[in-house]
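J.: Here is what each chain is made of, one letter per residue.
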Amino acid sequence: MDFDFLQPTDLDEVCKLLNEYKGKVKIISGGTDFMIDLHKDELSPEIEYIIDVSNLRDLNYIKEDDNKIIIGAGTTHNEIANNPIVNKWAPVLAKATNSIGSPQIRNRGTLAGNIVTASPAADSVPALLVLNGKVKIKTSSTTKEIPLEDFFIKPYQSKINQDELIVEISFKKPPMECKSGFKKLTRRKAVDKARLNIAVLALQNNIDEIEILRIAPGSITPTPERFEKTENILLNKRPTKELIKKAAEQVSSTMIEKSGYRWSTEYKKPVIKTMTRRILTRVLEVE
Amino acid sequence: MMETLSLEFKVNGQEHKLSVTPNKRLLDVLREDLNLIGVKEGCSVGECGACTVIMDGKIINSCMVLAGQAQNSEILTVEGLEKEEGKLHPLQQAFLDAGAVQCGFCTPGMLMSSYNLLQSNPDPDEEEIKDAIAGNFCRCTGYKQIIDAIKLAAERMNRQS
Amino acid sequence: MKADVINKSSNRVDGYEKVTGKAKFGADINFGNQLYAKTVYSEYPRAKIKKIKLNKAKKLDGVVEIITAEDVPGTNEMFGRFPVLAAEEVKYVGDGIAVVAAESQEIAKKAVKLIVVEYEEIEPILDMKKAVKDTKELVHSDKEDNIIEHSHHLMRKGDIEKGFKGADVILERTYYTPFVDQAYIEPEVVISIPDPYRKGIEIHGSIQNPYSVQENIAKVMDHKISEVKVIHSTIGGSFGGKDESVMMMAARTSILAERTKRPVKMVLTREESMTESCKRHPYEMNYKIGAKKDGTIVAIQDEVYTQGGPYNNKAMFANWRGSVHATGPYQVDNVKTDYYGVYTNTIYGGAYRGFSAPQTVFGIESLIDELAEELNMSPKEIRLKNCLKPGDTFATGQKMGKDNIPIPLKEIIKEVCEKADYEKKVKKFKEYNKKHSEIKKGIGISCTLRGAGLGGEGIDTAGATITIDKDGSITLISDLTEMGQGMRTAHAQIAAETLGVSLERLSFINTDTSIIMDGGPTVASRGTLAGGQAVIAAGKKLKDRLKKVAAEKLNCDKEVIIIKNDQVYEYDNVNNMIDFDELIGVCIAEKGISLSAQGWYNPGPEELSEETGQGNAYPTYVYGCAVTEIIVDTKTGEVGVEKIIAGYDIGTPINPQQVKGQLYGGILQGLGYGLMEEFEQKEGYLKTDNFDDYLIPSIKDIPDINVILFDFEDDFGPYGAKSVGELGIELVAPSLVNAFKNATNNRIREIPLNLERASLGKNLSK
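Residue numbers (the numbering used here), protein chains in the order written: chain A, 1 to 287; chain B, 1 to 161; chain C, 1 to 766.
Heads up, a few of these hints could be off.
Below, a list of computed lysine to any residue pairs in the SDA-like style, where the Cα atoms sit at most 20 Å apart [claimed, not checked]:
no.: 1; chain 1: A; residue 1: K40; chain 2: C; residue 2: K700
no.: 2; chain 1: A; residue 1: K40; chain 2: C; residue 2: D693
no.: 3; chain 1: C; residue 1: K682; chain 2: A; residue 2: S264
no.: 4; chain 1: A; residue 1: K189; chain 2: C; residue 2: K700
no.: 5; chain 1: A; residue 1: K246; chain 2: A; residue 2: R282
None of these hints come from the bench; they were simulated from the model.
All chains should be modelled from the sequences, with the hints used to inform the complete structure.
T.: What follows is the structure, encoded as structure tokens:
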């Protein structure tokens with residue numbers, strides 16, 4: 001496949017080029033999904049220009065203020081996984097990004113890339129969902145911020161338009177006392193995509209009542225989402241074995257409701273139930 | 001028509017300025033333009049790790065990087081480990097002494113990942129070694145002697161210093 | 001006499017090049033003015049080719065030549081019915097239809113996309129069981145059925161009916177194994193160049209068996225065999241896989257090279273390699289076993305189907321080996337075995353490390369455990385009771401224990417179980433499992449014996465040439481190939497030991513069919529066993545010549561000359577000596593003696609009956625036993641292999657470190673086979689074609705592995721060495737499923753033991 005390679009030096013230039021070559025351009029940073037498509041000849045024939053943003057410092061940062069954590073779209077998975085701010089305030093995201101691919105892939109792959117690829121099995125997405133992550137999207141004339149859960153259309157298709165660029169992912173700092181968990185189930189012990197994954201964030205008060213509960217299972221629905229009906233089973237209550245069991249069953253049945261019966265359902269149905277039960281039991285510290 | 005790219009970067013300590021087509025990968029530039037055949041192609045999809053090189057201090061799969069993305073970068077390949085002809089880096093010697101080489105195809109990639117590990121962690125335990133090498137696959141050795149080699153190299157390097 | 005160089009873990013002789021990146025593998029070799037070749041592959045698993053439209057591709061700038069089947073100068077059909085290019089019908093998705101040679105890889109890729117083929121689809125034959133019975137739908141229309149030629153092998157011992165009549169208990173079980181890939185990290189490369197000095201073709205590449213490529217290409221090119229020269233490059237792993245695929249690549253590039261008069265290089269992508277190279281034959285093994293109440297096995301009957309794909313040049317050999325080993329390392333008086341190879345329109349079977357054993361051992365070792373369970377015996381006891389002992393007869397009627405075939409199975413099983421703390425662990429895990437409902441632990445055993453070398457498969461010949469140069473440097477060339485397994489180093493040690501010189505003197509030449517005679521393929525773990533004997537033969541010839549000259553020089557009898565550690569001296573009179581290098585000088589300059597000698601090894605053929613399979617199948621055997629510990633999450637199906645303790649008798653290890661390396665590598669491939677490797681095929685289309693979907697074990701998947709080397713006296717092989725290459729892969733899968741049964745009380749009869757099988761008891765498919 002032939003194309004021209006452009007390496008703009010700031011964000012404005014990127015947006016300008018996106019406008020100029022609308023429909024004929026692709027942005028890459030880590031390139032870990034793009035390069036596979038290139039090898040397999042699965043790129044859209046309309047692409048004539050590749051814009052590389054991998055060296056743009058404008059997109060590589062992890063910042064915090066009093067309220068939130070802000071991550072540049074071009075920050076790599078390893079940078080996020082090893083960052084002290086992330087590990088302090090959002091260990092669930094550190095764990096999730098640390099589970100992606102191999103060390104080599106994590107040194108290149110970016111958070112924005114993981115999101116834009118929109119795989120139902122993406123690992124960073126469930127973690128960002130339980131953090132109520134937001135995505136900042138820029139064009140040459142506009143900037144908007146949308147919740148991550150509104151960003152997906154269907155498997156492998158996100159809402160990003162041809163003249164748009166994700167510049168930042170952010171989330172409000174969860175209360176310090178929050179507990180969280182992330183679990184990824186794979187077929188071998190390293191370098192594998194998730195068969196199933198799940199992220200949980202919770203806050204209990206001093207009498208163990210659940211004040212915050214966010215559950216985002218992955219690899220079971222066409223687009224990743226928080227399972228609010230399930231969260232409601234436990235919200236404002238003290239967690240018990242029975243309630244957790246009920247929540248786990250709810251995740252399972254919601255999966256079938258949203259995805260129907262597929263070839264993999266016979267396996268996924270009981271296993272996502274088990275994974276939900278275990279992660280809630282662990283995070284909510286129920287005996 | 002594809003406009004050729006002028007690529008300026010440093011490889012194994014040497015500055016280079018090359019004219020390449022933009023759809024070339026870093027892997028192709030290293031192997032074809034710079035004759036660094038120690039960098040291998042095993043799968044082309046960033047899985048096997050045979051093409052691993054160090055770019056700006058980090059291990060990456062060179063099959064996953066477009067040539068232009070290496071602009072102004074510093075690359076280290078296996079050819080850069082042997083500083084003088086016949087004087088092997090302790091890791092290379094340890095790989096030989098511990099029996100960590102069979103067919104040798106994964107070896108350059110393995111060496112780069114282990115070299116990178118020892119740069120930041122001179123005394124890794126077994127789990128740290130496995131985590132660092134997780135992206136390098138070997139079909140011949142069963143990995144055991146590779147782990148032994150890295151431990152041996154670390155030991156020797158620490159004794160030296 | 002204590003060996004100087006044997007049984008020492010010296011460093012690989014070809015290691016420096018590999019750790020510095022200097023070693024040249026096929027893809028690293030380039031010739032001036034070379035063209036790049038790429039194949040157009042079939043779009044259907046079975047179809048008639050109606051038209052091939054080449055015009056658009058031919059017009060592309062940089063395309064130099066395009067060939068189809070009609071451009072083959074000699075025969076289009078190679079050994080095993082492999083076509084250079086499909087002519088009238090494509091029989092699987094890996095069939096090549098046309099090949100482009102262009103000025104660059106990129107142009108070749110573009111040209112391939114411009115070639116249009118018109119097909120008439122035919123319903124493919126995909127199911128092995130159906131194919132066996134079918135006489136109307138035939139993969140090859142010139143045949144009457146879908147059984148691969150010469151692939152039916154049988155074993156008849158004793159009286160099977162009588163045997164079952166005398167049984168107290170009879171079990172019937174069926175086991176299945178899938179297609180798996182060798183997954184060497186280096187994809188195949190072949191470069192053909194018009195011979196620069198004479199009529200003919202010179203072929204370089206990642207070629208495991210240069211002579212079979214030579215022979216087939218001669219037929220394809222309508223050349224004499226002597227006009228085809230094959231030299232292998234540094235090979236990045238093969239395990240049997242770089243065989244048919246490189247044969248086809250060599251045929252295609254040779255034709256293009258002669259037509260264009262330029263070198264032609266073909267490098268396979270991983271996807272092409274996975275589609276076009278051979279796999280392990282899938283097996284369906286139908287067993288019936290009869291035993292007495294006390295655990296004595298009295299009869300085993302098995303009917304085995306092996307899936308060959310549309311072409312097959314290995315089924316007849318692999319099935320023979322399978323038929324010999326089908327009843328395992330056990331004394332069985334009554335045996336009835338039948339192996340059948342079956343044609344299908346799918347990816348195809350060929351050689352992969354083990355060559356029937358991983359499948360067969362999975363079957364028989366699972367069966368023995370099931371029998372033990374039926375009889376309420378321990379898996380260890382039933383094996384100790386039935387394993388072959390001196391005086392017993394193998395399935396082929398071969399008497400074990402005499403003619404220097406030690407049969408140390410009982411000792412090996414006992415010792416491995418002891419080292420593994422087997423009895424204690426069984427109890428410990430039972431207690432653990434009582435207390436835990438979701439996570440379970442288990443321990444499983446398997447054991448094996450493996451015929452060393454080719455045995456009745458063919459004559460185990462091998463050749464080697466050793467040449468000593470004026471400066472005392474020594475060149476060795478073997479007709480067997482180094483693929484990473486360490487054969488070259490073993491040969492160097494053997495040569496050094498035989499000649500009495502230091503290892504540093506040795507240099508190697510890659511096997512070159514024009515320099516050394518054909519001794520047979522590098523297979524069956526015979527690189528050291530047979531190849532090493534050829535090296536000894538060559539070495540002995542040279543030593544004799546050297547001793548003669550030394551005797552003259554030192555004024556004593558030839559018989560009392562010792563050559564050891566680069567010194568030549570009179571026995572019991574060390575001061576009467578001459579330096580090795582000096583002696584060389586005398587031989588060459590003073591005496592005009594040739595210091596080049598060829599060694600040839602020929603153990604003679606094994607005679608076996610075609611009607612019954614009876615006879616001495618192998619001149620000797622190697623043995624192994626493994627105990628595997630696993631931990632299972634019964635809810636998610638995650639199986640963690642925690643520990644493997646394996647003991648092997650492979651004779652005296654020429655290089656213990658290398659031997660262990662081969663065993664560790666084999667064990668990991670066995671782990672992949674048992675736990676995670678599988679292909680997704682849909683209607684004959686291959687959906688799994690790269691490492692992102694085809695999962696091989698990563699470094700994080702390795703268990704705690706402990707390999708014990710036994711060395712029971714067996715002087716059949718060179719310096720007591722036997723065979724090691726393939727043994728490591730056999731025991732993991734069966735000990736794994738046996739451990740799984742122990743952990744969960746679920747018997748799984750099909751591998752891999754993936755998440756679905758481990759949690760649901762069955763696989764799910766898209």
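J.: For each hint given before, does the structure comply? Return the numbers of the non-compliant ones in rising order.
T.: 1
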